[in-house]
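**Q** Add chain E to chain L, keeping to what the hints say.
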Amino acid sequence: MTDSPFASAESAKHALRTMWKTRRFEEAVDDLFARGLMHGTMHLSIGQEASATGACMALRDDDAITSTHRGHGHCIGKGADLVRMMAELLAKETGYCRGRGGSMHIADVDTGNLGANGIVAGGIPIAAGAALAFQLRGEDRVVACFFGDGATNEGAFHEAANLAAIWKLPVIFICENNKYGMSFSTEKAFAIEHIAQRAAGYGFPGVTVDGNAVGEVYDAVAEAVARARSGEGPTLVEAVTYRWKGHSKSDKNLYRSKDEIAQWRSKDPIGRFEHDVEQRGLLTADEIAQVRSEALEAVRSAVLEANSAPDADPADLLDAVFAKA
Amino acid sequence: MTQRTITYAEAVREAIGQAMEADDRVFMLGEDIGVYGGAFGVSGDLYHRFGPERIRDTPISELGIVGAAVGAALAGMRPIVEIQFSDFTNQAMDQIVNQAAKIHFMLGGAANVPMVLRAPLGSGTGAAAQHSQSLEAWFAHVPGLKVVMPATAEDAKGLLLAAIDDPNPVIVLEHKLLYRTSGPVSEEAFRTPLGVSAVRREGADLTIVATGVMVSRALEAAETLTQQGIDVSVIDPRTLTPLDMNPILDDVSRTGRALLVQEAPGHVGFTAELAARIAESPTLYRLLAPIRRVSGLDIPIPYAPQLERSAVPQVEGIVHAAEQLMKESF
Numbered sequence: 001m002t003d004s005p006f007a008s009a010e011s012a013k014h015a016l017r018t019m020w021k022t023r024r025f026e027e028a029v030d031d032l033f034a035r036g037l038m039h040g041t042m043h044l045s046i047g048q049e050a051s052a053t054g055a056c057m058a059l060r061d062d063d064a065i066t067s068t069h070r071g072h073g074h075c076i077g078k079g080a081d082l083v084r085m086m087a088e089l090l091a092k093e094t095g096y097c098r099g100r101g102g103s104m105h106i107a108d109v110d111t112g113n114l115g116a117n118g119i120v121a122g123g124i125p126i127a128a129g130a131a132l133a134f135q136l137r138g139e140d141r142v143v144a145c146f147f148g149d150g151a152t153n154e155g156a157f158h159e160a161a162n163l164a165a166i167w168k169l170p171v172i173f174i175c176e177n178n179k180y181g182m183s184f185s186t187e188k189a190f191a192i193e194h195i196a197q198r199a200a201g202y203g204f205p206g207v208t209v210d211g212n213a214v215g216e217v218y219d220a221v222a223e224a225v226a227r228a229r230s231g232e233g234p235t236l237v238e239a240v241t242y243r244w245k246g247h248s249k250s251d252k253n254l255y256r257s258k259d260e261i262a263q264w265r266s267k268d269p270i271g272r273f274e275h276d277v278e279q280r281g282l283l284t285a286d287e288i289a290q291v292r293s294e295a296l297e298a299v300r301s302a303v304l305e306a307n308s309a310p311d312a313d314p315a316d317l318l319d320a321v322f323a324k325a
Numbered sequence: 001m002t003q004r005t006i007t008y009a010e011a012v013r014e015a016i017g018q019a020m021e022a023d024d025r026v027f028m029l030g031e032d033i034g035v036y037g038g039a040f041g042v043s044g045d046l047y048h049r050f051g052p053e054r055i056r057d058t059p060i061s062e063l064g065i066v067g068a069a070v071g072a073a074l075a076g077m078r079p080i081v082e083i084q085f086s087d088f089t090n091q092a093m094d095q096i097v098n099q100a101a102k103i104h105f106m107l108g109g110a111a112n113v114p115m116v117l118r119a120p121l122g123s124g125t126g127a128a129a130q131h132s133q134s135l136e137a138w139f140a141h142v143p144g145l146k147v148v149m150p151a152t153a154e155d156a157k158g159l160l161l162a163a164i165d166d167p168n169p170v171i172v173l174e175h176k177l178l179y180r181t182s183g184p185v186s187e188e189a190f191r192t193p194l195g196v197s198a199v200r201r202e203g204a205d206l207t208i209v210a211t212g213v214m215v216s217r218a219l220e221a222a223e224t225l226t227q228q229g230i231d232v233s234v235i236d237p238r239t240l241t242p243l244d245m246n247p248i249l250d251d252v253s254r255t256g257r258a259l260l261v262q263e264a265p266g267h268v269g270f271t272a273e274l275a276a277r278i279a280e281s282p283t284l285y286r287l288l289a290p291i292r293r294v295s296g297l298d299i300p301i302p303y304a305p306q307l308e309r310s311a312v313p314q315v316e317g318i319v320h321a322a323e324q325l326m327k328e329s330f
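Chains as they are written, first to last, in the numbering used here: chain L, 1 to 325; chain E, 1 to 330.
Each hint should be verified, as a subset may be incorrect.
As the list claims (entries may be wrong) - Ranges of calculated distance between the beta carbons of each label pair, as one might list FRET restraints:
#, chain 1, residue 1, chain 2, residue 2, range
1, E, Pro-143, L, Asp-30, 29 to 37 Å
2, L, Gly-201, E, His-141, 36 to 44 Å
3, E, Glu-53, L, Ser-266, 48 to 56 Å
4, L, Lys-267, E, Glu-53, 29 to 37 Å
5, E, His-267, L, Arg-35, 28 to 36 Å
6, L, Ser-308, E, Pro-143, 28 to 36 Å
What the hints assert, rightly or not - If we take Cβ atoms under 10 Å as the criterion, some of the chain L residues that face chain E in the derived model are:
#, residue
7, Gly-122
8, Ile-126
9, Glu-154
10, Glu-159
11, Trp-264
12, Leu-317
13, Ala-325
Hints are computed from structural coordinates only; laboratory data are not their basis. Heads up, the beta-carbon is just placed ideally off N, CA and C, and yes, glycines get one too.
The following block holds chain L by itself, in its conformation from the complex (with noise of 0.2 Å):
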C-alpha cells in the first residue's frame, strides 16, 4: 500500500509514474496496431488511468486484483512488467501468457493480478472466491474486483455482490463507469442515477467518486480496503469516468459526439493531476518532465526488448491444456 497520491513527492509521483506509463503503454499499442505491426484485438483505457492508479495505490502488494478486457491500467497499476506485458500483445513467447491470451487475458500471480477477463462481469464471482480463499485461511488480504458498468446488468455482478455480502468477504467492487456498454449509454442502460446505489439492495454501501481524480478514487478505495481488512465485507466504489477511445478497434464512435469526447478530454486525469500536484508545492514542472520521459523511455525500450524475443512457439499447445499434478 502507497500513501495518497498527495501525501507526499514520493507518493504523487508514484501515482504519476503509473498514469503516464498506462497512457504510454496504450499509445504505443494504438500506434503499433494502426501500423499493422500488432494483430488482434484489444481496449484501451485512456482517459481513465485514475481510476486503476488510484486503487491500486490503495492496495498491499499481497492483496489480489480481478480485471477487465480494458485491464491494461489495472495490470500496470499493480505492478506488472511493461515487456512481459508487451510481448504479450505482440505474440512472443516471452509474454505473460506465452501468446496464449493475449491482451484480453494478461494475469500475473506474482503481482496478485488473478486475471484480465474477456467475459464481462466474468471476473467478478472470481473475485469473491479469492477472497472468501484469503478468509477461510484467517489472512488479512483483501481482492479489488474491477468491472464497468455494463457488468453491472449481468447476473454475474449480483451473484457475486450478494455471497461477497452475506459472507462479509474482503473485497472491493470498483465499478469505472465509463459512460458505455460499448455503444450503450449507462442512460438508457440504468434506471438509477448512481450505479453505487445498487449496493444498497445487497446490504453494503456504495459510493460515487469521480474517477478522473486519481485522490478521490485513493481515499474511497482505502477506506472500502480498511473496511474489509477488518471484516466488515465488501464496499461498491462507482469510478465516473470516460473512454476517449472506441470500445475496440471496430469503433466508429457513432453513438456519441465529439462534442461529449471533447469535453471528457478537457477533464484530462493525468493533466489535473500534474496541475493539483504543482499547485500544491508536491512536485516541480521539471520533476512532471521528468515523470513523463521516465514513463515514455520505459514504454519504448519495453517495445523494443519484447520486439526482439522469440515468437510464440506453436510446439507444445496441446500439453498447456492441463496442468501438470
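**A** For chain E alone, coordinates are given in the frame of chain L:
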C-alpha cells in the same frame, strides 16, 4: 485394504470427509449441503463434522458459487462444488466453460484451477426435462475440463479423491439412480487414476462400452445374453476426459463387435466419439459387423413413468441390440 459394503452416496461422502481431514484447503460449497444434508443426502453429516465454514451452504446462486470456487481455487484452495442437479450447471456455464476450463491455458500456465464440480445427472426419478439430463458430452467437448462418470460405489470414492488431487477443474457426474446402490469399497483413502478404463467383464463375442448407470444395465444384459450363448465384454471408460481408448480398442479387436451404450440422446453424443475412434483405428478391419449404438431418444426427458422409461436405454433394449449385432455379423 479393508473393504465393506456401503452405498455410492456414502462412498462420495467418505471421499470428501477423508480429503477434508487430510487437507485444510479442501472445502465444499453448494445449496442445502449443510444441516439439510444435500438434496440427495450426499453431504449427510459432513456439516456436523466440519462446520459451516468448510461445508458451506450457499444461496441458490449457481453462477456465483461456481465462480467463487474458481476464485478460491486460483487463490490456493481446493473447493468442491455441489450443483444440486447437473441441469443447473446451465446457470453457471460461463464460469465452467469460459473461466475454469480456460484459465490455465489462456494465462500461459501462470495459474491453475484445482476445483471439483460434482453434480447428479440422469433420468429415472420422474423429475422431467429440466432435472434429468445427461450433459456429459457438453463438458467433454470443452478443452480444459476433465469429465468423470463413476458407475460403482468404489469408483465414486476413488475417482473423486483423484479428482480432488487433480490440479485442474474436474466435472464429476454422479448418476442419481446409483446413489442408493451398494458395493464393496475400501476404507482407506485410495485414488483411482483418471483416464483408466475398467473392464467390468470379459467375453469372447461382443464388446459393450457403457457409461454411468448404463454400466450396470449392460452387465445385467450380459447375464441374459450368456444364457443365449452370447459371451459379452463390458467396458466402463469411467472418465470421458482423459479417455483411455486402448482397452476398448483391444477388446473390440478381439470380439469384432462393438455395442456402445449411453443414456444421453444419441445425436452428437459421447458414443459417437467412441465410434469414430474405433473407425479411425486398425480395429476397423477387425469388425465382423457395423458398430452399433444404443442411446437415449433425441427428446427431452418426459415426466410420465412409462414415457420416461421409453426415452432411455433399458436392459431389454441392450439385449435386443446385442442380438441384432450378432445376426448382422458376417
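**Q** It remains to establish, for every hint, whether it holds in the given structure.
**A** Tested hints:
For Pro-143 of chain E and Asp-30 of chain L, the Cβ-Cβ distance of about 32 Å falls inside the hinted range of 29 to 37 Å, so the restraint holds. Checking the proposed 36 to 44 Å range against Gly-201 of chain L and His-141 of chain E shows it holds: the Cβ atoms sit about 37 Å from each other. Look at Glu-53 of chain E against Ser-266 of chain L: about 51 Å separates their beta carbons, and that is inside 48 to 56 Å. At roughly 46 Å, the beta-carbon separation of Lys-267 of chain L and Glu-53 of chain E lies outside the given 29 to 37 Å, and the hint is violated.
Between His-267 of chain E and Arg-35 of chain L the beta carbons are some 48 Å apart, a value that contradicts the proposed interval 28 to 36 Å. Here the CB-CB span from Ser-308 of chain L to Pro-143 of chain E is close to 32 Å, well matched to the stated 28 to 36 Å. The beta carbon of Gly-122 of chain L comes within 6 Å of a beta carbon in chain E, closer than 10 Å, and the hint placing it at the interface holds. Taking 10 Å as the C-beta cut-off, the interface hint given for Ile-126 of chain L holds, the closest approach to chain E being about 4 Å.
Here the hint on Glu-154 of chain L is kept, as its CB sits about 9 Å from the closest CB of chain E, short of 10 Å. Taken as an interface hint, Glu-159 of chain L checks out: its beta carbon lies about 3 Å from the nearest beta carbon of chain E, inside 10 Å. Among the interface hints, the one on Trp-264 of chain L is violated; its C-beta lies about 32 Å from the nearest C-beta in chain E, farther than the 10 Å criterion. A hinted interface residue such as Leu-317 of chain L counts as satisfied when its beta carbon comes closer than 10 Å to some beta carbon of chain E; here the least separation is about 8 Å, so the hint holds.
Restraint check, Ala-325 of chain L versus chain E: the minimum CB separation of about 6 Å is within 10 Å; hint holds.
Consistency note: the structure conflicts with the earlier hints numbered 4, 5 and 11.
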